[in-house]
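J.: So the chains spell out like this:
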Amino acid sequence: MSWAALLGLGVAAYALKAAGLLVLGPRASGGTALRLAGLLPAALLPALVVVNTFAGDRRWVLDARAVGLVVALALTWRRAPFVVIVAGAAAATGGVRLLG
Amino acid sequence: MDSSPPEVLATKVRRDAWVLGAAVGAFGVSFGVLATTAGLSVPQACVMSLAVFTGASQFAVVSVLATGGTLASALGSAMLLAARNAAYGVALAPTLAHRRLGRRLLAAQLVIDESTAMSTAQSGRRAREQAFWVTGIAVFVCWNLGTLAGAVAGDAIGDPEAFGLDAAFPAGFVALLVPHLRTRAGRVAAGAGAVIALVLIPLAPAGVPIVAAASAVLPALLFAPSRAREGARA
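Here the protein sequences line up with chains A and B, keeping their order. Under numbering that gives the first Met the number 0, the first sequence is numbered contiguously, ending at residue 99. Under numbering that gives the first Met the number 0, the second sequence is numbered contiguously, ending at residue 233.
Fair warning: there could be bad hints in the mix.
Unchecked claim - Here are the simulated distance ranges between beta carbons:
#, chain 1, residue 1, chain 2, residue 2, range
1, A, G7, B, L100, 22 to 28 Å
2, A, P80, B, S72, 37 to 43 Å
3, B, T69, A, L6, 16 to 22 Å
4, A, G55, B, G38, 21 to 27 Å
5, A, A14, B, A96, 17 to 23 Å
Said to hold, decoys possible - Cβ-to-Cβ under 7 Å is the rule here; a few derived chain B residues that face chain A:
#, residue
6, T53
7, A81
8, A86
9, G88
10, A90
11, L144
12, A148
13, V151
14, V207
15, V216
Honestly, the hints are just simulated from the structure, not real lab data. No residue lacks a Cβ here, since even glycine has one placed at the ideal position from N, Cα and C.
If we strip away everything but chain A, and leave its shape as in the complex, we get:
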């Protein structure tokens, strides 16, 4: 990979972040746009969960990560601390891989 491509990617990635924070965000002040923006994490977080758990190379995958997700959901349901939820899910997935 060339340095030019690498630095170009860095500039583009930063531009996307800055565009939201400095250009689009402030113009979305008040009204529907701000409400939509406020709902974005609610929409994107479950998508990140689903993709990080069930996605393979353009196909659905059911593997040890699903066990970690079940443990995370159960611990969240029981109002466990954040650290316990994260560590519990990792331990469950790691444990299943160790056995399998």
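Fit chain B to the known structure of chain A by using the hints.
T.: For chain B alone, coordinates are given in the frame of chain A:
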């Protein structure tokens, strides 16, 4: 959680941020290993983590290159994955709007999954801003130190997936989602976002399912209009 005094919450946020940072750091190590095995030099791997600083995009680039993909497809998938950071920036703008331009330009580099999720899970602008900075800095420090260690050590380091660390990310996101489910609009957005991503996994290239899930905010507004304002605050 909301009934605790502010200083107790601040301490809790700091601890949670560094827990998240440690998990990210372990993934930084695996990124460093993967980057060097994909043909990047150690300085290139480190500069990518400093300059690009959005983990999923970086993994996309080196994994496409490692499996013989073209540079164009590597960069294309990375940009699709990075597009969600623009949406995060919009969501974070009110929290940082009172800061000077220089500070906001610095903040922009820290606009990523973890800092956005931790920030928007707090209530009140001060708590949100504190969560943004502490999480952004913790993840930045850990991700870059991890990349350096992984790039230098190369294949000598084992696979962090053996320890189930890849399951730590969705688990953290599950926990961070909870405050967004208090309103009906939030629940509709969450349900629709999950379904959109799940359906698109086999149909679209990596990155698209997550970006497309952003459209789940539209049914949330349509089906729960009166509660949407709360959703924006929760």
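J.: Hint by hint, note whether the structure agrees.
T.: Tested hints:
Here the CB-CB span from G7(A) to L100(B) is close to 24 Å, well matched to the stated 22 to 28 Å. For the hinted restraint 37 to 43 Å between P80(A) and S72(B), the CB-CB distance of approximately 41 Å keeps it satisfied. About 19 Å separates the C-beta atoms of T69(B) and L6(A), a value consistent with the hinted range of 16 to 22 Å. Distance hint check: the CB atoms of G55(A) and G38(B) are about 24 Å apart, consistent with the given range 21 to 27 Å.
Checking the proposed 17 to 23 Å range against A14(A) and A96(B) shows it holds: the Cβ atoms sit about 20 Å from each other. Checking T53(B) against chain A: minimum C-beta separation of about 6 Å stays under 7 Å; hint holds. At a threshold of 7 Å, the smallest CB-CB gap from A81(B) to chain A is about 5 Å, leaving the interface hint in force. About 5 Å separates the beta-carbon of A86(B) from the nearest beta-carbon of chain A, less than 7 Å, and the hint is met.
Taken as an interface hint, G88(B) checks out: its beta carbon lies about 2 Å from the nearest beta carbon of chain A, inside 7 Å. Restraint check, A90(B) versus chain A: the minimum CB separation of about 5 Å is within 7 Å; hint holds. Hint on L144(B) is violated. Least Cβ distance to chain A is approximately 18 Å, over the 7 Å limit. Interface hint at A148(B): violated, since its Cβ lies 19 Å from the closest Cβ of chain A, which is beyond the 7 Å cut-off.
About 18 Å separates the beta-carbon of V151(B) from the nearest beta-carbon of chain A, more than 7 Å, and the hint is not met. Hint on V207(B) is violated. Least Cβ distance to chain A is approximately 10 Å, over the 7 Å limit. Taking 7 Å as the C-beta cut-off, the interface hint given for V216(B) holds, the closest approach to chain A being about 4 Å.
Of the numbered hints stated above, those contradicted by the structure are hints 11, 12, 13, 14, listed in ascending order.
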